[in-house]
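*Asks:* Chains as they are written, first to last, in this note's numbering: chain A, 1 to 546; chain B, 1 to 477.
Keep in mind that a hint or two might mislead.
Said to hold, decoys possible - If the Cβ cut is set under 7 angstroms, some of the chain A residues that face chain B in the computed set are:
id: 1; residue: Ser-150
id: 2; residue: Ala-161
id: 3; residue: Gln-165
id: 4; residue: Leu-169
id: 5; residue: Gln-174
Stated by the list, open to error - Reference excerpt, derived from the structure (chain B facing chain A, CB under 7 angstroms, subset only):
id: 6; residue: Glu-106
id: 7; residue: Ala-284
id: 8; residue: Leu-288
id: 9; residue: Asp-289
id: 10; residue: Asn-292
Please keep in mind that the hints were generated in silico from the structure rather than gathered at the bench. Note that this is a predicted model, so its numbers are computed, not measured. For glycine and all other residues, C-beta sits at the position ideal for the given N, C-alpha and C.
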Amino acid sequence: MAKVTTVSDEKAGPLVRQVSKIGYRGRTPNIAARLTMCFATIAMLMIGGDAVAVWQIGRVEALSRRSFEVEQSSLAVMRIYVDIVTFRETLTSLANAEDGRGFALQAITLRDSFLQDAARAQQVLNGTIDKDLDSTILTRLQTVRGALPSQVDLMLDLAKANDWQAVRLRLTNQVQSLAVSSSSLVEDVDREVAQERGQALESAEQARRERFLVLLAVAGLILLFSVLLSWHTTRTISGPLARLHAGAQALARGEFQYEVEVTGNDELADLGIAFNYAAQQLRERQRAEEALRRAQAELAYMHRVTTMGELTTSMAHDIRQPITAAVFNATACLRWLSHDQPNLEEARTAASRIVENLRHTEAIIIRIRTLFQKGEPHREAVDVNEVIREMIVLLSNTAKQCSVSLRSQTAESLPLVIADRVQLQQVLMNLMVNGIEAMKDMDLPGELTIKSQASGGELLLSVSDAGVGLPREQAGEIFNAFHTTKAEGTGMGLAISRSIIEVHGGRIWATANSGPGATFHFTLPNNVEVRELLPESASPSSCQVQ
Amino acid sequence: MSSVTHFAARLHSTGIRQELTSAQLVPSLSRPGRRTVLKALGALALLAEQGCRTLVQPTSEVTLVLMDQAWLNKAFQAGRQQELDQFTKETGIRVKNVPAPEGAAEQLDTCRSLLESGARSPDVYSIDMIWPGILADNLLDLSPYVTTEEVTAHFPELIANNTISGKLVALPFLIDIGLLFYRADLLRRYGYVNPPERWKDLEDMATRIQTGERARGQRTFWGFVWEGASSEALTCNALEWQVSEGGGQIVEDNTITIDNPLVVRAWARASRWIGTISPPGVVAYRELDANNVWRAGQTAFMRNWSTSYLGMAAAGPLEGSLTKNMFDIALLPRGKERTAATVGGQGYGVSRHSLHPREAAMLVRFLSRPDVQLRRSQLIGAAPTIPGLYRDADSKTKSSYFSTILKAYRDGGVLRPSAATAMRYPAVSRAYSEAVHAVLVGRKTPANATSDLESELARVTGLKQTRGTEEWRKSPP
Numbered sequence: 001m002a003k004v005t006t007v008s009d010e011k012a013g014p015l016v017r018q019v020s021k022i023g024y025r026g027r028t029p030n031i032a033a034r035l036t037m038c039f040a041t042i043a044m045l046m047i048g049g050d051a052v053a054v055w056q057i058g059r060v061e062a063l064s065r066r067s068f069e070v071e072q073s074s075l076a077v078m079r080i081y082v083d084i085v086t087f088r089e090t091l092t093s094l095a096n097a098e099d100g101r102g103f104a105l106q107a108i109t110l111r112d113s114f115l116q117d118a119a120r121a122q123q124v125l126n127g128t129i130d131k132d133l134d135s136t137i138l139t140r141l142q143t144v145r146g147a148l149p150s151q152v153d154l155m156l157d158l159a160k161a162n163d164w165q166a167v168r169l170r171l172t173n174q175v176q177s178l179a180v181s182s183s184s185l186v187e188d189v190d191r192e193v194a195q196e197r198g199q200a201l202e203s204a205e206q207a208r209r210e211r212f213l214v215l216l217a218v219a220g221l222i223l224l225f226s227v228l229l230s231w232h233t234t235r236t237i238s239g240p241l242a243r244l245h246a247g248a249q250a251l252a253r254g255e256f257q258y259e260v261e262v263t264g265n266d267e268l269a270d271l272g273i274a275f276n277y278a279a280q281q282l283r284e285r286q287r288a289e290e291a292l293r294r295a296q297a298e299l300a301y302m303h304r305v306t307t308m309g310e311l312t313t314s315m316a317h318d319i320r321q322p323i324t325a326a327v328f329n330a331t332a333c334l335r336w337l338s339h340d341q342p343n344l345e346e347a348r349t350a351a352s353r354i355v356e357n358l359r360h361t362e363a364i365i366i367r368i369r370t371l372f373q374k375g376e377p378h379r380e381a382v383d384v385n386e387v388i389r390e391m392i393v394l395l396s397n398t399a400k401q402c403s404v405s406l407r408s409q410t411a412e413s414l415p416l417v418i419a420d421r422v423q424l425q426q427v428l429m430n431l432m433v434n435g436i437e438a439m440k441d442m443d444l445p446g447e448l449t450i451k452s453q454a455s456g457g458e459l460l461l462s463v464s465d466a467g468v469g470l471p472r473e474q475a476g477e478i479f480n481a482f483h484t485t486k487a488e489g490t491g492m493g494l495a496i497s498r499s500i501i502e503v504h505g506g507r508i509w510a511t512a513n514s515g516p517g518a519t520f521h522f523t524l525p526n527n528v529e530v531r532e533l534l535p536e537s538a539s540p541s542s543c544q545v546q
Numbered sequence: 001m002s003s004v005t006h007f008a009a010r011l012h013s014t015g016i017r018q019e020l021t022s023a024q025l026v027p028s029l030s031r032p033g034r035r036t037v038l039k040a041l042g043a044l045a046l047l048a049e050q051g052c053r054t055l056v057q058p059t060s061e062v063t064l065v066l067m068d069q070a071w072l073n074k075a076f077q078a079g080r081q082q083e084l085d086q087f088t089k090e091t092g093i094r095v096k097n098v099p100a101p102e103g104a105a106e107q108l109d110t111c112r113s114l115l116e117s118g119a120r121s122p123d124v125y126s127i128d129m130i131w132p133g134i135l136a137d138n139l140l141d142l143s144p145y146v147t148t149e150e151v152t153a154h155f156p157e158l159i160a161n162n163t164i165s166g167k168l169v170a171l172p173f174l175i176d177i178g179l180l181f182y183r184a185d186l187l188r189r190y191g192y193v194n195p196p197e198r199w200k201d202l203e204d205m206a207t208r209i210q211t212g213e214r215a216r217g218q219r220t221f222w223g224f225v226w227e228g229a230s231s232e233a234l235t236c237n238a239l240e241w242q243v244s245e246g247g248g249q250i251v252e253d254n255t256i257t258i259d260n261p262l263v264v265r266a267w268a269r270a271s272r273w274i275g276t277i278s279p280p281g282v283v284a285y286r287e288l289d290a291n292n293v294w295r296a297g298q299t300a301f302m303r304n305w306s307t308s309y310l311g312m313a314a315a316g317p318l319e320g321s322l323t324k325n326m327f328d329i330a331l332l333p334r335g336k337e338r339t340a341a342t343v344g345g346q347g348y349g350v351s352r353h354s355l356h357p358r359e360a361a362m363l364v365r366f367l368s369r370p371d372v373q374l375r376r377s378q379l380i381g382a383a384p385t386i387p388g389l390y391r392d393a394d395s396k397t398k399s400s401y402f403s404t405i406l407k408a409y410r411d412g413g414v415l416r417p418s419a420a421t422a423m424r425y426p427a428v429s430r431a432y433s434e435a436v437h438a439v440l441v442g443r444k445t446p447a448n449a450t451s452d453l454e455s456e457l458a459r460v461t462g463l464k465q466t467r468g469t470e471e472w473r474k475s476p477p
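My request is simple: use the sequences and hints to build the entire structure.
*Replies:* Structure below.
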């Protein structure tokens, strides 16, 4: 399994360097070569096994052939012996008949056929008899082969001299001993041959028995080796792949700290290094985004505070008004109590008004304080209508000073959205202040309309004014930073609003009204699940502040 | 002829000397004299020079192959096998016996082709008296393997014959000599006490016995059989005829001795035998044919080799109709000058191509060893090559057989001119026997034949002729 390791920070290019280093080293063959080698080795093993099988079969056949050859040599020598015996018997009867012509004819005929058989026997023995076994056999055969013709010559001389007695004696003594000698040769060859034939047959039988075992063992070995080789090769591929898979899943979960273990230096190792490099890049990007987000939040806060500073006068009026009312009611209350007959009823009523006035003041202060608060972005389920109401309350006095009336048209039963309430208030405040200021210099009293509605899978909020409208040919740039149409504007308001809305997954844009002024829209993705978890908050369908 | 007498005298003297020393040698040099000790030390030094070749016991894995000439002789083969078995028992070296062809010329051809082709087997060859000069190049020098005592124990003529350019190429184990075989029973029947002394006596006795036996119903009975086929055996027969007459030993003092009246007379006499006392077929007879007729009891006399006695006398029952007490041997009849007996015999030599020269030399030494030769003489009647063994051989067999052989050797021993003609010898012998054969079959007169042969031999050998010499002119026609 993959394990998480701490990444040592590496500068740009380690991947390239490592990969090139690997390419340079090239010790472990790459996967294609490894697979090819694996299959080639298995194929070679199978060929080797086949070769062993062929060899075994050939061995058995050779041994069988050998026993046949050995048999042939025995027969060939036997034929020589038969030739000599025939020679002796035929010539003896001719010598007894003292038939000179017939004797000469037969002697030569029989000699020639004997010589043919002897040559054949010698040839067969040369190929058959292992010379180490009995070196005398061939020499003896050679001698017998030479002896008979010389006996023929000697006997023909004797026959020519008409000495049949000497011929008969030669046939009886010398040719007979030649027959004896050849018969002992037959016996010896037969014995040698029997030994060899027995050996050959035994060897062939043993080879047959062995063949089965050898083939079985070879097949088993090939199978075992193939399995081990395949398993090893597969493992060297599947192991790193599994680690990469686990790493990819971890990245998908957002665990950018995950690093895969890199082993070897094949393509998968390259892939692992690339993966780790990508994870590292992701970590850096995550850090950068975090920093950016912080910077934006800081900027938004600063802008908020600035905006609030700008609103201080009207807000002070906002606060002073209920306090003034409270002072008035307190005076009235005292007056009711200082009567001889204190009118407790009236005093109570006045006191109640004081409480109401102070609560109103408190509410305003709480809202202001909230906007001044600086904290980490905090997401929660937010009712946008409530936010609209709060901002209307906060900015009502500012609007009044500018002769602008605020009007809200909120849809009922809007789902809650997961958002940062303060940032949402900031966006609304920016858009509303912009709208109020756009109408401030108009001679006619203006109206700022804030709408909310559900549209598809998101909420659509819009702020419409009847002011100076959008600058021509710059509609696309008004959300860019430092772009302003106002004499004392920072040019940051709309840019900050856009970044807040985008962080929330929404969009913000502006459209020119058919009449005077412009409408700013923004969307927020709603969250049904959260909506269901929270208690239903009733919101007024319309609120008019004047 | 002075050279012949000189040779006989030399044979005689060395024979006696060797007899004395070999009496000590037989019981394996039990009491060596100072000189013997020195010689033994010298031999040891020589052996040491040869490294471990002769001293280390051979491995029992070695199997030697021996090519023997007398393979058709069963008695000889049986005795030989006993000897080989004993050798294997003593040394652990096995020996296989391979037969050679029958005739001497065919045997020589076989040995030559094997040796000259560089055949690894056989290791040991039996080498005929007349072969050393022909085969010497392919035979091992045995001197480093044998002691001086072992060598000098043999007849010195045999050692000299087997030494070619200082190389001892074969160690003799058997001598063979031309003898007269006679039917003692028939001689007695026709009133003869002794075997014939002279050729004339033989002719007379043969004629008489032949006539008598034929009259007794033996219609194919003949007086005298010998080897008349044109072969080495005829060379030996004719050499005996001419030497006994005083016609010379074919080559003497580097001179051809053929074309002289003594040779003419000798050959003419032999040609007269054919059809009278010898069968007409005798001109096609080899040793075995003569032997066949002899053993069949169909002749009164036979000229043959002493080895023909093997299987007749010493080795028990005969295959033919003769029994041991029916015959005897004697020296060949004298001619005008002397008795002559061609000396044959064999030695054993080691092939230069043998893979086991050390073991092969051990076998050769074994087969020539005094005790082995003595046992062989008792078992199959083989005549030893060590003169000192003859008396023992006779006393053990209770016969005069070996004394007769020794006497024949000393009084009549004649060597063929194989040493003088060396590589030319086969051609010389062939021409000689063909010339004699031409006379025997009546194709040429003896005078023409001798004249032509002398020219031919002079051409073949490059030696001088005697024709036209003073001696030749003085000789009666």
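*Asks:* Taking each numbered hint in turn, which are not upheld by the structure, reported in ascending numerical order?
*Replies:* Result: no hint breaks.
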